[in-house]
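> Chain residues, written in single-letter form:
2 protein chains.
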Amino acid sequence: MPAEPFSIRLAAAITARTTPACIGLDPRRESLPPALGAAALTDPNELARACARFCCEVIDVVAPLVPIVKPQLACFEALGPHGMTALAEVIAHARARGLLVLADGKRGDIGSTAEAYAAGWLAGPWAADALTVNPYLGLDSLEPFVQTAHERGAGIFILVKTSNPGSRDFQDLTADGRTISEHVAAGVEALAARTAEGGTYGAVGAVVGATWPRQLDAMRAALPHAWILVPGFGKQGGRAADVRGAFHADGLGALVVSARDVIFAHARPEMNAGLTDGQWQTAVERACRDMIERLAADTPAARLTS
Amino acid sequence: MPAEPFSIRLAAAITARTTPACIGLDPRRESLPPALGAAALTDPNELARACARFCCEVIDVVAPLVPIVKPQLACFEALGPHGMTALAEVIAHARARGLLVLADGKRGDIGSTAEAYAAGWLAGPWAADALTVNPYLGLDSLEPFVQTAHERGAGIFILVKTSNPGSRDFQDLTADGRTISEHVAAGVEALAARTAEGGTYGAVGAVVGATWPRQLDAMRAALPHAWILVPGFGKQGGRAADVRGAFHADGLGALVVSARDVIFAHARPEMNAGLTDGQWQTAVERACRDMIERLAADTPAARLTS
Chain A
1 MPAEPFSIRL AAAITARTTP ACIGLDPRRE SLPPALGAAA LTDPNELARA CARFCCEVID
61 VVAPLVPIVK PQLACFEALG PHGMTALAEV IAHARARGLL VLADGKRGDI GSTAEAYAAG
121 WLAGPWAADA LTVNPYLGLD SLEPFVQTAH ERGAGIFILV KTSNPGSRDF QDLTADGRTI
181 SEHVAAGVEA LAARTAEGGT YGAVGAVVGA TWPRQLDAMR AALPHAWILV PGFGKQGGRA
241 ADVRGAFHAD GLGALVVSAR DVIFAHARPE MNAGLTDGQW QTAVERACRD MIERLAADTP
301 AARLTS
Chain B
1 MPAEPFSIRL AAAITARTTP ACIGLDPRRE SLPPALGAAA LTDPNELARA CARFCCEVID
61 VVAPLVPIVK PQLACFEALG PHGMTALAEV IAHARARGLL VLADGKRGDI GSTAEAYAAG
121 WLAGPWAADA LTVNPYLGLD SLEPFVQTAH ERGAGIFILV KTSNPGSRDF QDLTADGRTI
181 SEHVAAGVEA LAARTAEGGT YGAVGAVVGA TWPRQLDAMR AALPHAWILV PGFGKQGGRA
241 ADVRGAFHAD GLGALVVSAR DVIFAHARPE MNAGLTDGQW QTAVERACRD MIERLAADTP
301 AARLTS
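Chains as they are written, first to last, in the working numbering: chain A, 1 to 306; chain B, 1 to 306.
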């Protein structure tokens, strides 16, 4: 892993591509382009191979356009051990194409177990640049991730306020005058500030869903040293204007995720117009460019210049 | 997967072995018995093979003694894709030896992603009998796990109050007169009751650390339909008397976990007395029997009869 901090590498990659768009890699058998023939596969290894091929071909399209991709670990785990081999290939391919890689696993566990997750994902065989982490177990459970990330020039994004309606159940409960997500945010900011080493951003970021625009504004204010990863753009209902609050005025500070709307763009008539099954990558490119344009039109990302 | 509910299969297995002991499988290179020669291995695949061999040989020892084993997914993930192949072998070996398998991954994500985790771990290629789940994302994020578990005769254990000191940070915050862990417990009980189908226990259990004896008492009362998984016995400081509260009077209702104290018993002088390096399995057997005896001496598990 490079010794240069993740926050510096991320800012450089966003500036180079002049967009904070992050493409989620969620290979789901039922949604893959028909040209890949995945629907007919019965052998688990062949299915995993088809998913790896799909992700690598998406990467080939988006690598010149965006700074980072986000493989969804659940989709690879659902394929069993062959899926994990596919995941390793997808990560390696993304890195070879110059993309940063954020492993979306929402991992979390106590002490030595958290160390094992951090070692595997951020410093070891998987070699991702960053990992999403769940804070429920408390600050001491986050420490091994923070340590490993900081030492290895990697990053973590801690769940603060998730995009689903049920995030209200526990994250919005109020204790001592603040919601649980605000308590978590305070912990995230402390960790981000501690690892910023005089720079703007630390090794620790926050996940805040695009479905909560007002909370995004408040979180940006509460998290001056943290990158904010914003899922829920596109399919989950968030619009470009809704994610404005996640940015700093200079167009940095936010990473906005779209997955299905881009990678399965062959199923969107407006992106697939005039294309054959075999041209699904063109639909992906159109959808990726559309996302980038919408972010540039309606958010401070317009101020990014390479 | 068998159609018989997990709760019924678990009760039968505990009754057959007359113990609620659950052995954690946490293969860590630095702790493996010297006889396995793992310290000298540099090839990732060879290291993963050594970890698989270790876990399978632990399983051979404990299978006649305990009802269930709990592979710690972090330890396998830390070994990369080869580690995941090793994990699949370990799960298959445990099942072949008649053990139930609880995959300890503390997974959690929104809707369709939670479905992918549930499909992979409980209904698909990994074929575990149960999975640990993190509730931070809210009740709608738990639903796909509950559905899949209920349909497939599998189980989930939702984190309620974890064993680490930092569990105070968010789980102990008080909102509307109850702690966050109590709010989560209320959700767990509702899901457990809904899936119990007239029986004592549902498909949904709770994780409550052995380090919080008074909270275990309260949680047992608050969770009448839930199995309680109790980590933190042994190395993490919990004693047999501390876990009494997790049981119902008939000796059922609790699963008590020990990992390092049993699987790395070769490093405990009192368990290793008189043994050579090559006899590490005897130390594992002694430590496993010691755990079982201590639970029988100090908890309602004494009332179990096969």
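Simulated from the structure, these hints should not be mistaken for laboratory data.
A portion of the hints provided could be inaccurate.
Stated by the list, open to error - Okay, the calculated beta carbon distance ranges per label pair:
(1) ASP176/B x SER112/A: 48 to 56 Å
(2) HIS248/B x GLU4/A: 31 to 39 Å
(3) ASP176/B x SER31/A: 35 to 43 Å
(4) GLN147/B x SER31/A: 42 to 50 Å
Said to hold, decoys possible - Sample of chain A residues lacking proximity to chain B, with all beta carbon distances greater than 12 Å (derived):
(5) ALA11
(6) ALA13
(7) GLY24
(8) LEU87
(9) GLY108
(10) THR113
(11) ARG168
(12) ALA175
(13) ARG178
(14) ASP217
(15) ALA222
Even for Gly, the Cβ is constructed at its ideal location relative to N, Cα and C.
> State the violated hints by number, sorted upward, taking the hints as numbered earlier in the document.
Violated: hints 1, 2, 4, 7, 8, 9, 10, 11, 12 and 13.
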